[in-house]
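Peer 1: Line order of the protein sequences matches chains B, L and V.
Taking my numbering, the leading residue of the first sequence gets 5, the next gets one more, and so forth.
Taking my numbering, the leading residue of the second sequence gets 45, the next gets one more, and so forth.
Taking my numbering, the leading residue of the third sequence gets 15, the next gets one more, and so forth.
Zero decoy hints are in this set.
Okay, derived cross-link-like pairs now, DSS-like style, lysine-lysine, Cα gap no bigger than 30 angstroms in a straight line:
id, chain 1, residue 1, chain 2, residue 2
1, B, 115, B, 143
2, B, 199, B, 115
3, V, 55, V, 66
4, B, 199, B, 120
5, V, 54, V, 66
6, V, 157, V, 230
7, B, 200, B, 237
8, V, 230, B, 237
9, B, 120, B, 143
10, B, 237, B, 199
11, V, 157, B, 237
12, B, 245, V, 230
13, B, 200, B, 115
14, V, 157, V, 66
15, B, 120, B, 200
16, B, 143, L, 227
17, B, 115, L, 227
18, L, 227, B, 120
19, B, 200, B, 143
20, V, 157, B, 245
21, B, 199, B, 143
Partial list, derived from the structure: chain B residues whose beta carbon lies under 10 angstroms from chain L:
id, residue
22, 61
23, 90
24, 92
25, 96
26, 100
27, 102
28, 117
Calculated from the structure, these hints are not laboratory results.
All C-beta atoms in this analysis are idealised placements derived from N, C-alpha and C, irrespective of residue type, glycine included.
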Amino acid sequence: MTILRTLGLSLSYSKNAPPALRQISLDIEERSVTALIGPSGCGKSSFLRCLNRMNDFVRGARVEGRVLLDGEDIYAPNVDVTNLRRRVGMVFQRPNPFPFSIRENVAYGPKLPGGKSRAALEEVVERSLRAAAIWDEVKDRLDEPAASLSGGQQQRLCIARAIAVEPEVLLMDEPTSALDPMATARVEELVRELKKDYTVVIVTHNMQQAARVSDSTAFFLTGELIEAGDTDKIFTTPSDKRTEGYITGRFG
Amino acid sequence: MSRRTRALLDLTATGVLWLCMAFAALTLGSILLFLVSRGAGALSWEFISEPPRDGMTEGGILTPIVGTVQLILVSMGFAFPVSLATAVYLSEYAGSGRVTRVIRLAVRSLASVPSVVLGLFGFAFFCAFLRFGACLLSAGLTLGCLALPTLVAASEAALRDVPQDYRDASYALGATRWQTIRKVVLPAAFPGIITGLILSIGRVGGETAPIIFTGAVFFAPGFARSLFDSVMALPYHVYVLATAGTRIEKTVPMQYGAILVLLALVLGISMTGIVARARLRRK
Amino acid sequence: MIETHMDRELESLFSGTYELGGLCERALVDAVRALSQRDKKLARDVIIGDDKIDELAREINITSFQLIARYQPVAFDLRSLEAVIRMALDLERIADLAASLARTALQLEVPLPPIPSLRPMGERAVEMLNLAMSSLAERDAEKAARVFAMDDAMDDYEDSVVAELMNAAMDTREDGARFAGTNRLITVARILERAGDHVTNIAEHICYMITGVRVKASAYRRPKPE
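Bound-form chain B, shown alone (with noise of 0.2 angstroms):
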């Protein structure tokens, strides 16, 4: 089932620039993961901020056409954007924890709406951190501040944090391109794990990862999107030129 789909989507960052992504229309499944891969600057990392409308915050942004979440478009008039936030959250390139303790920050998102009781909290703040494959590591040293985990494992830190709040789409952009080989592998398995219960958009500039970890592909070119399908058929009998020369490392 369709959880997430573009129709027409384009994006301009301003009135002379050429427009950063022209018409793309693509269907997310529930419950799957798909990678966006092309070239540096086709457009893939201003795709996925403007399903969670974080190119609001870029002056002079102009988003054109519609993005469904379960049917509603995202960007019609009276939409909530913070509630919108909620459901489709995001995991960064660099992983980047608040300055404050472990706890503190898996807990900053469910804390937002207020009303939460303390032990309700801490539930949250166990069962994120379990989801995220970083509960052991962590479960005696939850009041120390995030800044004291290694690389690999703030993103981990900063994956819980994004679950936290129960979103039904996570986005992520690039999320180990700052990490090593060892964390790198862990994240992925993770990933694999959450298509279970959350649906997985992810921008990857590697394109092994996107064919170990993701179900399917969509292939981004200077704004457009050239290709979208099966990972499988995609790796190995591609429809269009561009994507092979691109998967097979030939240009890009």
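Assemble chains L and V onto chain B, guided by the hints.
Peer 2: Chains L and V in isolation, oriented as in the chain B frame:
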């Protein structure tokens, strides 16, 4: 360039820099020595705990000490919230439009106003126009205006230093802009903001010109018990002792002593601030 | 598009495949000639040559797997390697079949009755292999698909050879040795037909490599009678 020349150049540069540093340290050292040698004699417990008597020739400087503290509190009480709000606006809300540029220009220009002009403004505005009269409130507010530009600049720098990453993460979790500022940005910028506060306190504590017309007096019988009382202040006290005292030979040691006390006071407040900031950082 | 290291490696593997194909063609030609001319020396040469062919096929196999491990190839590169590995296997089988023919030639003691269809059948097999190899060199999937239709002719030839052998058997019934020899020749037809099948496989691999679609040769051939 041969190796020998390079090494020689390197040595010369190091030497010159060292000399400059030594010069600066020496200057500071001599000033301190000068002050201490002349003022240490006047220092005693009585000095700091007794109000002045007998035309400033006897007693201590308790009243000016208390007055300076009061002035600092009033000026910061006004300037700190205002400057913080301005800094938050400039850093988090403002665009790059004309209004923003005007505000920035205004704040920066305020910094270059000579302090005596600011004093006159304070007199005309707070004392006369708003009819507060010459009192603690007027003097404090004038000093606050003096401190505004520094405080705004320091706070804004501290806010800008907060990595955009934190804000992104907060928004991505469904926080509003105000929630993000209140819960993430301000706490993260706090050490920097406190530094600005400390610097401003140091500046404000030692200013004379803004308070001469607006509320500081040569002699007050007691402490200022309300905002509308006159107040004595250490810098002004030093000025008075140095120029208009009745028996200069007797007041000279007192004036140097007062300077030392002022330095100690400002240093003390700074130290407290620095320690507090360090504690916050460790958390 | 830049030429990558993978391009050069693949080119080198394809060259190996052409070489292997050429050796197999030679083996088939020689085996059929050894059989029809009862040239025992030629037959022995074919049998010895089989070792060299096995060696080459094995090298191609090993190199291919090394490339997979090193480069984690995808799309065209991956399909090419799959094709190369499978083609080497089929070519090696063809060479084995040629060696089988050669052994049969060694065992024949008496002159054969004339079997007109035998030689053309052998030539047909060699033609098919040639066509497949050139379609690989030209990366031409349509050319490779023509091989499928040629396999129909192989079936026809097989039927002709068997019919002719039956006739010859009738004539030689009294001459026991000749009779036995005639029987053995039926195997030859079967062997050549299987060689044709292997070439058809090779053409299927080539089509998949180029188009990404797994074609079945039967789709291109005339329907088999029930």
